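> For reference, the chains in residue letters:
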Amino acid sequence: MTKKECIAMLLAGGQGSRLKMLTKNQAKPAVPFGGQYRIIDFSLSNCAHSGIDTVGVLTQYKPQTLNSHIGFGDNWDLAGLNSCVTILSPYAGEAGGNWYKGTAHAVYENLSFIDAYESQYVLIISGDHVYQMDYGLLLKYHKEKQAEATIAVVEVPWQEASRFGIMNLGKEGVIEEFEEKPAFPKSNLASMGVYIFNKNILADYLHADVKDKTSVNDFGKNIIPKMLRDGRRLFAYPFKGYWRDVGTVESYWLASMDILDEKDGINIFDSEWGVYSFHTPQPPQYVGAAAKITGSLIAEGVYINGEVEHSIVFPGVQIHQKAIIKDSIILPNVRINSDVTVNKAIIGENTWIGEGSVIGDRGASKSIIPKVTLVEDNQQLEPNSSWNLIEAAGV
Amino acid sequence: MTKKECIAMLLAGGQGSRLKMLTKNQAKPAVPFGGQYRIIDFSLSNCAHSGIDTVGVLTQYKPQTLNSHIGFGDNWDLAGLNSCVTILSPYAGEAGGNWYKGTAHAVYENLSFIDAYESQYVLIISGDHVYQMDYGLLLKYHKEKQAEATIAVVEVPWQEASRFGIMNLGKEGVIEEFEEKPAFPKSNLASMGVYIFNKNILADYLHADVKDKTSVNDFGKNIIPKMLRDGRRLFAYPFKGYWRDVGTVESYWLASMDILDEKDGINIFDSEWGVYSFHTPQPPQYVGAAAKITGSLIAEGVYINGEVEHSIVFPGVQIHQKAIIKDSIILPNVRINSDVTVNKAIIGENTWIGEGSVIGDRGASKSIIPKVTLVEDNQQLEPNSSWNLIEAAGV
Amino acid sequence: MMLDVMGIIHHIKYENCLQSLTECRSMGAVPFGAKYRLIDFVLSNMVNADIKNVGIITALNLRSLLDHLGNGREWGLDKKRDGMFILPAASHSLRRKSIVDLEDFYVNIDYLKRSKQKYVLIAGSNVIYKLDYNKVLFFHEENNSDITLIYKKDQSWNVGQEPQVFLKIDDNQRIVGINTKCKVKKTDNVSLDTYLIKKELLLEILAECYLQKKWDLVKHVLAKKLKELKICGYHHQGFSTVINSLNSYYNYQMELLLPEKGKDLFISHGAIYTKFNDSPPTKYYPGSEVNSSLVANGCVIAGKVNNSVISRNVKVEREASVHKCVIMPDCVIGKGAYLEGVVLDKNVNIPAGTVLKGSQHVPLVLGKGWESWEERAVEVHE
Amino acid sequence: MMLDVMGIIHHIKYENCLQSLTECRSMGAVPFGAKYRLIDFVLSNMVNADIKNVGIITALNLRSLLDHLGNGREWGLDKKRDGMFILPAASHSLRRKSIVDLEDFYVNIDYLKRSKQKYVLIAGSNVIYKLDYNKVLFFHEENNSDITLIYKKDQSWNVGQEPQVFLKIDDNQRIVGINTKCKVKKTDNVSLDTYLIKKELLLEILAECYLQKKWDLVKHVLAKKLKELKICGYHHQGFSTVINSLNSYYNYQMELLLPEKGKDLFISHGAIYTKFNDSPPTKYYPGSEVNSSLVANGCVIAGKVNNSVISRNVKVEREASVHKCVIMPDCVIGKGAYLEGVVLDKNVNIPAGTVLKGSQHVPLVLGKGWESWEERAVEVHE
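Residue numbers (the working numbering), protein chains in the order written: chain A, 322 to 716; chain B, 322 to 716; chain C, 32 to 413; chain D, 32 to 413.
If we strip away everything but chain A, and leave its shape as in the complex, we get (with noise of 0.2 Å):
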């Protein structure tokens, strides 16, 4: 193996069972996103751009889209003579197998991977995060700090605080306090769950909290406020950019509505820091004599004769005519028949709608939270359908 200064460790694992029908046959970081990507896609273009050319991507639950989609890394550039991507599922050792219990378990159950690169940094980040990022510059903070870990935080609107694990920073950047969902926020600066360790402190703290049977093996849970507790160096280092989790239906229909919008500077448009992914080969999309397609974002292999308004749709949807789309979702190879209403929605993949049939609510609520109608994917639904987000699983 190559000597690699910094490798990160991408956690892939979870259910994200907040998504609902999304994650149904895939893991949290495979669930499409914002018209041809995969959310994966942003964590692995940033490594891809940040020079971080060795990656450990850890799964666990259902993992085959991932896998697939992932492959060696080529699609980021990733895959080279001494970098690529590696997908480390739980595995047997003579005595058996473990499954990953916790984000800090599933690191530690790899650390001879780590161990391999021989590198003095490791990086920790999630594959369910929204965010155009260099680690490059997070790296040189963490080594211009001494720091022995360094957390990124990003400001969240107050009133949101409460929903996240807040930072509380002393001089020149130190974490001197971490609240995880505290009632009373101090500060809004959130972690965003992307550390940098030292890789020595970070093994010692591994091994530590798998002895520990109290500990849920959690970085945010466990190891940062252990960390704490010993007076470690922990510094946070500020991002200014856009950063969502997109861990509900709900925050997961704002994300994309904010990609469209370019909110906040996020740009999938950006020709230096664009987001790779893996497609497969669609034709050119075609837009039909009585389209009319305003204010959205249209992926290859899409068929649009109707309405499209304020939406995002992926490849191989056929949106016929008549048809009137707005602020909502077409996932792939949706077929969506003619005079049908799909508003506020996000549609499922490979769901057929019937013509005439009516999703979501009928008036356009312009309320503050949104109400987000979710179809599941691989539906057949008969024409004149109603459907909306009572009957959505009670989102």
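Treat the hints as calculated values from the structure; they're not laboratory data.
Treat each hint with caution, since some may be false.
Label-pair distances were calculated between CB atoms; the ranges are [stated by the list, open to error]:
#	chain 1	residue 1	chain 2	residue 2	range
1	A	Asp-436	D	Lys-111	58 to 66 Å
2	D	Asp-35	A	Glu-501	24 to 32 Å
3	B	Gly-457	D	Lys-111	33 to 41 Å
4	C	Asp-81	B	Thr-535	41 to 49 Å
5	C	Lys-306	D	Asn-308	26 to 34 Å
6	C	Pro-290	B	Arg-550	41 to 49 Å
7	C	Glu-231	B	Lys-532	56 to 64 Å
8	A	Glu-476	C	Asp-81	55 to 63 Å
What you are looking at is a predicted structure, and each value in this text was computed from that prediction instead of being measured.
No residue lacks a Cβ here, since even glycine has one placed at the ideal position from N, Cα and C.
Start from chain A and add chains B, C and D according to the hints.
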């Protein structure tokens, strides 16, 4: 997924503990063999030459070496537009995950993989056998016989028949009886652990097998006997070539010597049926002024200035002046210093043997049952060490 | 399963027929259909028929073609046994206007001999159709044919257009006449420049050509051996053409804007493979109006587009209007510009307010890159 | 980390200097060192120094080179950003004997401009050494050099040998004289045809060359600008050479048979990457005698081999004897044949009992394939 008539499921999950130290760090199919291969290369190359281009590899025990060796099967010409090798390790679903309990259970857990290709036939093979076989002929035979399952069999010497699973045949190759390691074998046709099943029947039996609490979920011990009891159409396909299960240190050594001697037609020089593999870049071998090499198989990246007789030498090995190697197998990156004698031994990867050491019997014992000395991976043998089969963990 | 057929994509010798579009690229590398290159169609047909061994004859200006093809991975042809082979042409001269130049085959005779397949399927890099070659092989064997040509019935033929090969075919699908002169007839059997032949026979023909130093497959071999050999025609009914003039290049893309024709070429009978690209989905801004158009990924459209073929990463700014155009990758149509009947080569930047119009059947072609545009600006402004 | 350097492997114009070995292949594709092609050495040095963007200028006869390079995967250069680029030469003429023809760079000026790296490392495809270019970059920056040339001290130079470039260097490593004429002097500084230069400066030089229509980097630029620019020499001490004659091709391979020289080239400072090959390990039969030789995979040796370089899949039959030879892939040396001082091109089959001897310093070269051998049989038999 493109439809496939027949896909292969390659069993590569076992530890192979009878191979002792050779499987300390990797599964048995990943053990180096034949000068530059790993054992699994034979099965994968058979698939490539037989036109079976879609292979699921079932791994569980220390799969890291296998994973990076196999990749998507590019090096076996098995990765293409609609084909690839897929590593299938245990995974978790909503209700947690299951380790593979036996060969049949491993396939059961991946029935959805088989379903995705809508294949009519499933070829079950093992990653730890050495043979060159056209599975296409087996499939043809299976179809001609309108069998529900076909088992490839090979003649073994009568005196060894009671070590194998023995097939007793009726007319035209119908299997009437299957006896696992019979004390008094009625035939010398041994099962090669190579099966073709009609997919639907296989699925039925796997579902039933998982519900049977008394089953150890093994093809040979449970599935085949059950099918015979049920009167299914089971046929034996007689394979005429060389076949070995390299399950023990002795059989590993013997099969290696067979490759060297091109015994019974096994031939890695066959231009139509070459063995594919994955290699790291190596310089050409350098044969020094004092070298004497006869009757041996020498890989690239080897430096030899000693005497090598009837032995197999893997990449990166150095054999210095006046060292004498006979009837031995030297695994990758071993350094044998000057004046060392190695006789009928297997030297594990990265081992360093100090000058003047003696490995194995000094005299060349020509007994029928070979006594093979095994030196582990990653050892440092002091100069003038003596190491023979008695110390070698009681082979 | 066409494992017993190898493919040869031949290099046409009248590349200059696409004028500036082939000035700095091979015919096969000319963009077509919003996201493809011409060669993608024949190559995809071959791999969709499970042909595993494809030789591609190349001449000068092959950089963009080689860039595009890479090691054949996108077509599943990056193989140890067989795969994709880039073959040299016998000569780089464009003067000889052979329809299929067998001298190119002769210089690659070792490759032909070494290949294990029984049949050779020969097609030009500029042939556009979707066709299951298995059916052609079946036809070939059913008819005991020595050589099978694929043809279409063409009703749109006009005198004075590009050169074509016309076939006279009897009721048994045997070709009884070959004509390479333009004709007045409205409906005719037009060769689609695709030939299936046993390799052994091809090698015999090559030996004969070598002796006679006459190398044109159509004129010197087929036309002269109609009696000696059984040469049959396979009628292809789907959308199909040979791109050999600016006219055909433009008009056949306009035809593809009819949904059923586009579907026939792009979707039926297997995917068309092309070089992998990472462009994001196409963005439609509020106020955009797009109709009856093919659009590739990575475009940003704020203006009006209709009846046009829009390649990757094209920007159509506000109040710009694109009508009956073929726009190649990376072009920018500035605010308020009006384009009608225009073919824009890659990377052309149209300044705001520009008005450009081609005539009804002859598109206006603007060359590659900003500099070319600058040079030509005076000529093309109205 | 040389991420700020791009590589250009240039195409030498006197390819015919290797006679029949370069008749049907580019210089870079000539087999060397039992399992490599000449271009592998420079290319591996570049990727070992983490150069991610390499342009390779090619001319005619590039099929075997393209086959060898594929999409650059074996060198880690199959990338979306940067990677390996096959560049056309300005002209295919072999008449102009430029040492580095900058016109080839000029026709690829868009690629140069588009590339993001600050420095350009230029090297010939026929340069053989193992060298950490990071050290050259460090030297270049330490010395505030405008252009750095890599050179060796050569003591084995003989008048009348192949053309070389000699450098006169002052105590500060600044080059103060360049001479391209043969000299009698025994020890001299010989250019290793490798140049490091800032891209901006290279672009300025190209603009100047374009105006003057003089394109030779060494003669028209370096030799004339020794005062105007700071041109320094970096002394490389390891095994190194420029292969530009049959003599050097043969003798440098013989030199590699000294274990310390082979180790320097093949093992020190990173691996040499080459096309992946599936040959089995080499088989030594009982009775074989092999000494002081480099042997690739896939050989079957039953006879006697010494002081030779044996490429892949070579068969040396019983009682055959190979002495001081360079044998390229897929040759067969028949039973009882005796070869001394011979270079066998690929795929030559030597019949049993044949005796072939080259003279002391001029090897006997037999061309590619059995047919060539048949034709030449009369000439070479003694």
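> Checking each numbered hint in turn, tell me which of them this model violates, lowest number first.
1, 2, 6
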